[in-house]
Structure formats: C-alpha cells, structure tokens
Amino acid sequence: MPTVAKGDGMRGLAVFISDIRNCKSKEAEQKRINKELANIRSKFKGDKTLDGYNKKKYVCKLLFIFLLGHDIDFGHMEAVNLLSSNKYTEKQIGYLFISVLVNTDSALIRLIIQAIKNDLEARHPVHICLALQCIANIGSKEMAEALTKEIPKLIVSGETIDAVKQSACLCLLRLFRTSPETVPPGEWTQRVGHLLNDQHLGVVTSATSLIHTLAQKTPEDFKPCVQLAISRLSRIVTSSYTDLQDYTYYFVPAPWLSVKLLRLLQVYPPPEDPALRGRLNECLETILNKAQEPPKSKKVQHSNAKNAVLFEAINLIIHHDTEPSLLVRACNQLGQFLQHRETNLRYLALESMCLLASSEFSHEAVKKHMDTVITALKTERDVSVRQRAVDLLYGMCDKSNAEEIVAEMLSYLETADYSIREEMVLKVAILAEKYPVDYTWYVDTILNLIRIAGDYVSDEVWYRVIQIVINRDDVQGYAAKVVFEALQAPACHENMVKVGGYILGEFGNLIAGDQRSSPMVQFQLLHSKYHLCSAPTRGLLLSTYIKFINLFPEIKGQLQDVLRNNNNLQNADAELQQRAIEYLQLSTVASQDVLATVLEEMPPFPERESSILAKLKKKKPNVSDIEVVKEGKKSSNPPTLNNSAANTPEATPASAPVPVMAAAPAPAPVQSASDDLLGLSAGPAAAAPVTNNFAAPAAPAGGGGLLVDVFDTPPAQNNVSTALAPQAEENFFNMPSGETAPSGDASATELDGRFAIKNNGVLFENELLQIGVKAEYKGNLGRLGLFYGNKTSYPFQFFTPTVSCPGELASAMNVQTKPLDVNTVEGGAQVQQIINVECIADFVDAPILSIKFSYSGSMQQINLMLPVMLNKFFEPVEMDATSFFNRWKQLSRRPGQEEQKIFKASFPINSDTSRTKLLGFGFGLLDGVDPNPDNFVGAGIIKAQSSQVGCLLRLEPNMQAQMYRLTLRTSSKSVTTRLADLLLKLF
Amino acid sequence: MLKFILLVNKQGQTRLAQYYEHPEHDRVSVERDIIRKCLAREDNQCSFLEYKNFKLVYRRYASLYFIVGVDHTENELAILELIHNIVETYDKYFDKVCELDIMFNLDKAYMILEEMVMNGRIVEMNQNRILLPIRVMDQATQ
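Note that the protein sequences, when read in sequence, are chains X and E.
Numbering follows the working numbering, in which position 954 of the first sequence is assigned residue number 954; successive positions increment by one, without gaps.
To convert a position in the second sequence, counted from 1, into the working numbering, add 1000.
A few of these clues could be false.
Claimed, not checked - Calculated cross-link-like contacts (lysine-lysine; reagent style DSS-like; alpha-carbon spacing at most 30 Å):
| id | chain 1 | residue 1 | chain 2 | residue 2 |
| --- | --- | --- | --- | --- |
| 1 | E | Lys-1052 | X | Lys-378 |
| 2 | X | Lys-24 | E | Lys-1037 |
| 3 | E | Lys-1055 | X | Lys-367 |
| 4 | E | Lys-1052 | X | Lys-296 |
| 5 | X | Lys-290 | X | Lys-399 |
FYI, nobody ran anything at the bench for these hints, they're computed from the structure.
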C-alpha cells in the first residue's frame, strides 16, 4: 500500500522504513539497521555541508531505529545544530530528537540551554513554545538553574499568548519538580491562582496542573485557589454542553479540566466557609444527579467522560469524609456500577468502594453489597477485576462478616489465579487474625490456607500462626490436635510439616494422652515426612525430636536412633549435621532436669504488628496508608523488617543448641559467643531464646512440670520494648537513666499473672539489661536465681542489686541475698545471684529488687518486684470426696472464711488449660468430687512458718455466659482474699 | 501524571514512544514486557492493569494499541478518553489515520502529541487548537 508522507515527504526515510518492514527475520532487520547506522554516522562525520533537509531525514531515521528498541549514542550534536536553524521544521525536529532521546548528563546540555535561551527571546511564539516544551520534557538541574527565573514572568504577563502560557505552566512545573529551590518566590504565586479564572480553558487546564503540584508542597500559599477552583468547577458542571464549544467532549463539558479541578480540591480539607462548602456540595450533587440522567449519546466516549468526572467527584467526597449523605449516595451509585455491563466500570466501582469501606459513614452501606462482590469474585472473567473484588472484600471485612468473607476467599483460593494467590493468602491470614471468631477457627483457617495454597504461604504466615498459638494457651491443645490430623493426609505440604513439627514439639504432650496420638505415633507421623522435606525443615524436625526427648522420655531411644543415623550425623548439610551431633550429645549427657530447663517451652512472643501485615504493605506500597509510609521513613531501619526477621520462631530453636553446648562438657563451638551476641542485638524479639541462655545447673522447680505457658499477655519487659520498637534506634542512643524501666508498681499486676503459675522466665528487659529468674520452692522456703545479662558491649560498673521487703512484708518474710562476687558486669556477660526467701506469715506485696549501676558514666536505677507470691508456698493435698465435703462444711462457719467471686472470663474457657493453670497455681485437683465434670475442685495448704492454712477451691465455668464462679474456703480471711485476687487474674 | 505513552502494533512493534519520566533503566525490556502483557489481554478484560508500582491504561484501535502508563493519582477513564482524543486528533490531521501514517510522519505524530500532553500532563484537549501550530508549519513549508 503506497503511502505518501504528508508535507515535505522524505523519500530516503520511506525507503528505509519499507526495507525494515520487508525484513523477514530479526537478523535481517538488525543487519539493515547496522548498515543504516553506519551510513548516517559517516554522513554526519564526513559531509560537513549536510543541509537541513538531510539532517532532518537522518534524525528521523535515528528516531525510528530508537523506537525499534536500539540505543542511539550519536546524532545529538547534529540535533543541537538543528536547534539554531531558522526553519521551523528543522528546529522542530531538533527539539524532537533531544526530547525523545534525552541525555541529561551530556556535555551538550549547555549548548541546548543556549539554544533554548535564544528561542525564548524569539519573536515567534511557536519558537518559544518549542523551547518551553523541550524544557518541560527534559527539565534537568542545569536547565532549572539557568532558565527558571524567566518562566514565571511568561506565565503571569498579560502580553503572553495563551499557547505560550500553557507551555510555560507545565515547563515551570517540571523545573519545580526537578529542583524546587530554583523556583523564585514572589507575587507571581498569587497571580498564577487567577489563571483559574482565565477565559481560555486550555490555560486553566495547564494552570490547574501547576497549582496542584505547588499546592501539595505549600498548601497555605495556594489556599485562595480553593474558592477559584470551586467557582470554576461550578460554572463547568452547570453549563450546557453547547456553552463550551470545542471543550465539550461527547456532550460532556470539559471533562479533563473537571477532573483536574476535583483533584486540586483533594489537596485541601473541606472548605470552612459554609457558603463555599454549600457551593461545592451543590457541584458534587449535580455530578451525582447527572449520573442518573439518561445518556445523551450511546457512544462509550460519552459515558466514559461523564463517569471520569463522577469517579473523581466520588474521590473528593471520600477524601473529605464529612458528608454522610454524599458518601451514601456515592456508595449507591457505585453499587449500580458493580452490576454494569462495562468491565471498566465494574473494576473502578470495586476500587472506589474499597476506599468507601474505610469511612465510618459508608462502611455499613458498602457491606450491603457483599453478595454482589462475592458473585463478582466467582464470575468475573478478568483477573484484574477479581483482584479488586478481593481487595474490596478485604476492605469491608469486620467482625460481623469475617467468617463468611474468609470462607468465600478460601473457597475462591482453590481456583484463584496464580498471580494473586500469594496476596490472597496474606489477606486471609490477616483477616483471620484480626477478626477471629475464636482462636480454634483461626487455627483451622490458617491450616486450611496451607492445605489449599501451601506453595503461596510465605514464611511470615506460618511464623505468625505459631506465635499466636504460643501466646494463646487456650488453643494450644486444639492446635496440636488439628495439626496432628492434618499431617495424616497422604500428601501434605511442607509448610504443614513445619507448623506441625513446631507445634507438636511444643505442645505434643497435650494430646499424648490419647492412644491414637501417643508420643510414638506423633513421632512416627512426623518422621514419615522427614525424608521428603528440604534441609531447613529437617532441621526444624530435629529440634522437634530433641524437644520430644524432653517431653516423652519413654521414646528417647527411638529418637536418639534418628539423631544417631548416619544420614544425619554425617549429613553434607552442616546445619543438619551440627544439630544432630549437638542434640544427640545433649540428650546423652544432660540429666532430665537440665534437659527440661534447656528445652523449656517457648515464652510468649511480644505482641506487635503482625509481620504478615508488614509483608502485605511491602508488597503493595501504594495501598498502604500514608501513616505507615511515614513511619517507615522516620526510622532508618523500618521496624517491620526487624520484626519479620527476628520474629521467626525457627530462628530461636536454631540457636538453642549453642548455649547448651557451652554448659555441656563437649567442646563449645566457636560461634557460640557470636551467636549469643546476635541474639542480643536482634532486639526485643530475641527475648524468646533467653531462657535457654541460663546454663544454670539448678534443677527446675516444681512448676517445671507445667509445659504450657498460660499467658497471652506479653511479659512486662516486652511491653516496654514493644513500646520502644518503632523508634528502637533512637531510644537506644538516648536511653536515659532507669526512667524507662517499669517501676515496681507498674508491673506488679503483670508479674502476679505471669509468674503466679510459673517459676522461670524473663523478669525484665530493656535495651541494656536483661534479668532472668529461676525459682524453686519447698514448703515455706524458696530459692530464686537471678541472672543479670549485660546486653551492651560496655561494662556495667558498681552493679549493686538489693532486695527489700517494704512495710508489713518485713515481718511476713525473711529474705537473704547473697552479694555478688563482682561489682562489674562486663559487656555481653551474665552474672548470677541467689536469693533465699522464707515465708513466715501470709503476705500480699512482693519483695522489691532495686538495681543500681553505672553505664558509660550515667547512673541507672531499676526497681522491680520479685515474682514471689503467696501461692508459691502452696502444697497440693489429695483427699476423697467425703473428707472434702466435711472440711468444706467446716470452713463456712466463720465470716471471712469463704470468698465467692462471679466474673467474666478474660480468656476463652477451656477445660484443659484451666486444669493446667490450677495445677500450676499449686492446688491438688480432686477429680470426681463435683458431680458436674466441668467444675473443678481442689485443695492445698499454704505453708508459712507461723501457720499452715488449708485451702479448698471450687471453680464453676459457665460456657454460655463465658463466666466463672470461684469459691474459696480457707481458715484465714487474709489468705482467702489474697488467693482469690491471684486466681481472678488467671481466668 | 502520565509516565509514558506507547503506540504499538499488533505484532508488538513500537511505533511511537514518549516518556515523561526517564529513569527507566533497560527501557527496551520493560517496554517489551508491558506490550506483551497488554497484547495478551482479551476484549472482555478491563482496560486497566496494575503493573509494578504504576498502572497501565490501554485502548485498542484495529491493529494499533495505545498504552499509557500512569501513576496512581490519575483518573483511569479520563486517560482512556485522552487516548481517544489523541486518536481523533490524528484522524483529523492524517485523515483516517493508520499505522503507516504514523511511521512515515513520525515527527508530525510526535508534534501533535506534544501539543496535547507535556511533562506528563494534559495541556490542550481542543482539537482545533492542537492542530494550529502544525498547520502553521505545513503552510510555511509549502
């Protein structure tokens, strides 16, 4: 098909293009291009007298070659020469070449700037426009410095013609973006606002873009523009389509300008002036009304242009978020679009509705469309639209509909496009965590996720479920049961093996009572997957096995066989080999007590933002709210990243064997020191492995049999560290004296709760110091080992801990503190202190530990309560039903002997955990005494030196009301009250 | 704002490319990827798609695709109609524009585009005014 080039046709160019089009192969095309490039190069080099026409022709050829995907590294000089041509066409092609094939670093830039300067002073406005367009397209720093001053004059001068004004606006905008500091302040900023009133809509359009950008930077300076923009908008939306002539597009008056004005208004909050606000709302209502009118044309251009304005108006309504009626109208309008036959409209409606869902005024209105959105998720043929449906479901999800939405998302996930699966998995995981129906549902949901889309379940997701299970004692038994069942599937995803391995390792004992999930069965089930798994998972399973050795001594032999297996002992993977050797050694050398200490259950993870959420935000930075972005900027090291790295439960067992080896007689691996430091420097999350750091020979106390960490409230010290987390770094440096440490009073209640039923753990932690405690009690005597760990690399000097018994406690308790051998704690070192306590009479307050030391010249003071509570001196008592009821009746005669509390459960009611808690508290549980099997009956004796107090307990849970009735009867009023207080916090 | 405008034929060959943001390293492979993604889409799919950290808005005219990359502050429908307005303006100037018109008159095609979009923002949408400078130029050369 012969095509004649319009205007001054260039035969050579036409021939070249035809040649290229006729090339049969990529190679032939490349050959032809190389030939042409060589030709042009030689022409440029050799023939100095090349005329403008030829230069133009070659430049066009180079452009064409550039579009074919080749880099052009010459010809710039020739293009620059064209700039100084007097012929408009040649000048134009020169500018075109430079604008398309920009090369801002080039030494040519000075020549270009000179040419632009000349043209800016030219008489012909077309030349000025070319120069301005070039600046707008390139806008380098050098240009900004050399040319910015001239531009504002052009914009506000009365003599400038409209086309130049338009170009000048966008040119200045470009320079402002490149280097804002070169744009001169001055009264032009006020006058530029008045361009919104310009007669010429092209000028208004360009000016609006400029003002929009400037106003984002300094909103105050351009506030008067709000009023001008509103009145301009009002004139446009109320005009008839004939009024604006050429600026009416398919019966829609100035759609692009309307969109821009609505965008500009989104820089500002709703106007305060009621009249202005009324006028704006009128505009918005008019736009919403027009959407309901019958279309003036059947053409898609008409509806697109109309709806472009409508969507922008809705954006403004959402941005203001103050007019409930407009918000609801917007929502209804979008609701109509959800079922529109135009895919584009459905897509955009889903997208906008997602924003509406976050407004309190329209959240409920959005929820009404849930069924439509779910249908869209199932029936839309376009994955982009389905993706928006997922986003919207995510956005509209709250407590009321979480169960349904998560179920729908899960069922969609089975067939979902691969491209959106990972994001969906994250979203389901977040929703399940955010709006849990209960935690068993949460665990089920996550396990389903792994079952359905295991490949797309990122590490963050399975780390998180483990964190939550560890922190929530009420699901641990259930979690162990369901992972055990899930693992029985013939084909099960490796992620399931990881979760299963970890959870059974921690809580397998909770289901070991059942024959079908006896220790041996659990072990064989896990081990049947072992050979199919990757090395990191095998490593995790090895950790599970050593935990099993501790939990189930009866199968120690089989477990050791696995560790001893040559496949593991001589594994090529150094990590596996090391684990096998160290675990084997540990299980052989260490006594059961040491093993139990080393492999004690994981303490709760500090509460913090879900690492999954962080991951989602990272994945979609554009949808994350600005706050988060800001936060990320503030701290040079975004906390979220730290979290996900340090949060990994797998990281903790991995480091577990290291400190162990230091205690065991085997030669200590070299890396132990560095590992330990790493653990410390990892920040608050490293709190987890600290229990393992105590290479204490002391046997674990009576509470050691308690394998469940019953508290989901984070430890007190973790409260402190999470509070610090967002600016962790800053705090590290300005760490003042002990001020940030929790005072004794502040942490008293947490102490009561957390340590009431366990004896070991981290008592305190801040940026400098970590204090761990191990305690054992017998009768009225107790021994506490305190471990002071210096987390810094500098020594603590004059380190003096003292223990005191304030007030009445002095007469109720004897405390003996062994002074420390040293008064300096070296960087990274740990010192131990033993405290003996003797209970003389019943008591309420705990002894206070105060620590003073000097760290890099400043004195630090920390006051803490020691975890010594009355129930520590409790001994369980066994008795039969008859003697129980005899005593029960005896203990009701005098006032104060009985204390009854009816209270709402603070934790989900679960029989197993209640049992564990009561046992941990020190009661002997009497089964079969109460006719109702749900109730608990227990007995114990408080052993003080002066007296022994018998205590009886009855705890009646009411599942339906989620309430408890607690009845305590003892022979001492004060004991009754104190024990009731302590127990209340546990349930 | 607009990041770029691409004009591509059905075979995936770029016929016109204007970038308003230049840092695109490895322009060619990114461009190919974008083109491949758009060409692979079916007619019943919507005209917008997320691409990396921005959005693509595209429209097909017989064998020619217009692909515009925009940031997340742009109004998709407005961009869709901007494309149509560009096509109508080309149509008006070239009289039933086709791929070859663009190829043989690359400079004109760029010039028209320049009058409509500059620095990633819309300058002028009035077709008569857009074509004014180029008509002046044509007259001057005749």
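Structure-based check of each hint:
no.: 1; hint: Lys-1052/E - Lys-378/X; verdict: holds (25 Å)
no.: 2; hint: Lys-24/X - Lys-1037/E; verdict: holds (25 Å)
no.: 3; hint: Lys-1055/E - Lys-367/X; verdict: holds (27 Å)
no.: 4; hint: Lys-1052/E - Lys-296/X; verdict: violated (38 Å)
no.: 5; hint: Lys-290/X - Lys-399/X; verdict: violated (36 Å)
In the structure shown, a violation is registered for the earlier hints numbered 4 and 5, in ascending order.
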